[in-house]
Structures are given as structure tokens and as C-alpha cells.
Amino acid sequence: MCLGIPGKIVEITSVENKLAKVDVSGIKREVNLACIVNDEHPVESCIGDWVLVHVGFAMSRIDEEEAAKTLALLSELGEAQQELEAMQLDSSA
Amino acid sequence: MKYVDEFRDPHKAKLLISEIQRLLDQIERAKQRPLQLMEVCGGHTHTIFRYGIEKMLPEALELVHGPGCPVCVLPIGRVDDCVALAEHPHVIFTTFGDAMRVPGSKKSLLQAKAGGADVRMVYSPLDALQLARTNPAKEVIFFGLGFETTMPSTALTILQAKREGITNFSLFCNHITIIPTVKAILDSPDLRLDGFLGPGHVSMVIGNKPYEFIARHYHKPIVVAGFEPLDILQSIWMILKQIQQGRCEVENQYQRIVPEQGNSQALSAVSEVFELREFFEWRGLGSIDHSGVRIRQAYRDYDAEKKFSVPNLKIADPKSCQCGEVLKGVIKPLQCKVFGTTCTPETPLGALMVSSEGACAAYYRYGRIESMPESAPEPAPDPQPADEAVI
Ligand code: SF4
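As given, the protein sequences belong to chains A and B, one line each in that order.
Here the first sequence is numbered in my numbering, starting from 1 and rising by one per residue.
Here the second sequence is numbered in my numbering, starting from 1 and rising by one per residue.
By construction, these hints were calculated from the structure, which means they are not laboratory data.
Worth double-checking, as some hints may not be accurate.
Restraint-style ranges between C-beta atoms, simulated for each label pair [stated by the list, open to error]:
#, chain 1, residue 1, chain 2, residue 2, range
1, A, 48, B, 314, 47 to 55 Å
2, A, 47, B, 164, 21 to 29 Å
3, A, 38, B, 330, 43 to 51 Å
4, B, 314, A, 8, 43 to 51 Å
5, A, 85, B, 259, 25 to 33 Å
Built from N, CA and C at the ideal position, the CB exists for glycine as well.
So here's chain A without its partners, still in its complex pose (with noise of 0.2 Å):
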């Protein structure tokens, strides 16, 4: 639950509700982008940018190598498979 995992955002999906689908190794999720937006950095800017998702919240803002480097280690570990099938949880049953 506190591990979280890096992906890129890649779409916005609301400007008013400061939402936005990420893409981590290759699964689309909507997160909420509250936390890395301000004036100077507004949503709509934040295409392209590598975050860290927590609970379908992008917490942080990180670099890309950095990212890519730690999506490795998960993978290597299998935790990023814990984290994706999280993600994908269907609730509506």
C-alpha cells in the first residue's frame, strides 16, 4: 500500500477535477493530480511528466531515468505486478 509505482502521464482527462491517465508499463489508469499542480505547473502542462502514483494519486514528481530505473527494480521484484494488479482491481462486483 505505501510502496506506490512511477508512470507517465499521458492524457488529461479532466482539467476541473485535476484528473489524468497514467501509463504504467503499458496499463492506463486514471489518477488524480492534485498533489504536483500549482500555478507555475498547471494540469494542462503536466503531459509527458513522470510521476509517482500512490493510491491513484500522483505524489510526486520524479525523472525519467529515475522512473525507468525504479519500474526495473519492481518488475525484477514482481512488485510491480502486485501494483498493476492492484491498479486494475474491478470493484464493481
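For chain A, the structure is supplied; the task is to place chain B with the ligand on it using the hints.
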């Protein structure tokens, strides 16, 4: 050092370990007894076991696995409250997966679900809010737990619910705060820690300033650490360097993620929605002043404790359970009488055996075999049945 080769940079790891040894040789105190460093965060505990870091370290250094796994410190009574909420008719009870198997006094959430309660695992509180949107006839409750890392996510979810005027969503708030907890540990008389590995992702939210009292008033070094094995080794090295030079400071090894001031947007959402509780009950540690938060009056419509009645009973841990001593670092998981016998990851007695961030589960998965003397058979379990929880 059989795991070192798995590191991203084994050469650097070996270098750090020999530097750690060299520093230890220069610290007088370490000659009398092993130095004890506590990692506060369950994420660190997980990495430490996953990579066998403990076993690579010199004997003059011991890691104490702190209370930083939010699932592990959940008291039995709170699990019972969750079950009671989940069993309300018309309620969809949502939770992170980690909490599903924590034993309550009668059942876990997983067992409640098997018995017909509508309990659903979600990845994010936003998914719970989505359930509220799509099930207007139901009441959706999200079980909010975790330290400052997850607090902003539930705060922002409540703010979103309010903006949209969603009325069938509420939070069962069990968030806990790190600082009073560390303070309680520092004040506990049976403890003799020499330094702390600070929690990386909590610090990403709260910054480094809040730890200053640890250095200033308790004269213990603290280094905020990242989650990779090299991060942890480097942080240990930084703590020892402080001890060797007679310094006590807050240092930040995880600068690539943790800004000095924390995350202001996250902090303002948290303080908008939450306020400190007078005290909060922890499993194994008892009641700690101001260690939890509740939802402010202005957002009471989103507070499950106001919307529904929760039993809120205080239930003692099973007598054979030694989670509290393990949490404080007084004993190692293996020394708990029920470890691996009545308490296993399949049938956990204490919450430390449930989450992968819990010290007992980590020992069971990664540490146990190597920690057992090779030829000796497993110690026979005490002929003591698992005690029923007493109310
Ligand atoms: S073995 Fe079980 S009961 Fe003993 S401390 Fe660990 S989790 Fe608690």
C-alpha cells in the same frame, strides 16, 4: 552476502557494507553492544527482508522493525468496527486489499464477505467514490488507513465528493500520524535505539522539518531513506557517520523524491479535512496521544463514525500474542511463542503476520529458514492454545 549480487549495483553495495564495518570499528559504543537502528516504515522492513539486508550487516549492528505498517497496528476492536459497518444492510464497504485478512475478535473482513457482507477491495479511495456514483441506492464506506502517505488521497477524495454533492459516500477514518508515534517509542523506557531510518514516502508529504525534535531533544540521528536496497545501506552508513562524528541531525538520503518542505498541496488538503484526535489506540503499543486524525465538523456528512453506529469496543489482544514487544523491538518475531505455530500467514493471530510489510510475515517468508540453527529441529511449540480474545 549471498543476496548482494541481486542488487542493481553489487559493487557499490559491497563497498557500502565495508564502509559500514569500518565506521562501526571506530564507534566505541558498538564494542559493548550492537547498535540498534529502527526503520520506522513498513516499506523499509519489506525491502530489508526481501534482500536479506539484515544478514549482510555486521553483528555490531541490529535493525529494529518499527510500527510503520498501518495494517499491523490496527487494534482488534477497529477490525470489529469495520465488520460491523460492512454488515449494515445497504452498505458497500471498500478497503485496500491489505486489510482484508486482519483478524478481528470474531472474524476478518474476508470472512465477513464470505458470510454475505458486501466488502470490496479497491486500489484507490477514488474507486470507492466511483462506486458511490454508480450505486446511488447504496451507502459506500471507504476504510481509510495509513500514515501521512495515504492521508492526502482520502482528504482529496472527500473534497471531491463534496464538490460533486455526492451524499452516499463516507470514510471510516483510521489514519495515523507518524510523529507522535516515534515520540512514544522514544519515550518508552525499555528501548535503547541509536538512530532512525526515516520513512521515505511519509516524508514526501510532510517534509523533513517535523523530525527535528528527534535530533534536538532526543539526540538521535535520523536519515530519511528511500526504498531500494542501496538506499537503505547508504542511509545506514549516513547514520553511522553521524554517530562516529558525534552529530545528531535530520538528513535526507531520498532527495530525489522528498522535498525539504514536503508537499504543500497534499498538506493543505489534509489540514482542510482532518484534525487530530486526542488519542488513538494502537495494537501492541496501547493508546498514544494525538496519534490519529478524525474528520472535521465541516465534513461530518462524510464521516462514517457519525453516519453509522460503530461498536467502538476496546478488545485486548490474544494473550499469547507478543506483537507489542515485536513492534517496540524488545523481541524479534522468532522469539514470539506462537510464531510459525499458531500464528502463520495463513492463520494469522497478530496483524504483524498479515501484511507483507509486517515484521512477522517478512520473517516467515524470507528470514525464518536462515535464522533457524541448521541442524537443530524447530523448537516445539508451547502446549498453549491460542487464547480467545477477551473483551
Ligand atoms: S508471531 Fe504472530 S502473535 Fe507473535 S508477534 Fe508476530 S504476529 Fe504477533
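Which hints from the list above does the structure break, by number from lowest to highest? Violated hints: none; all satisfied.
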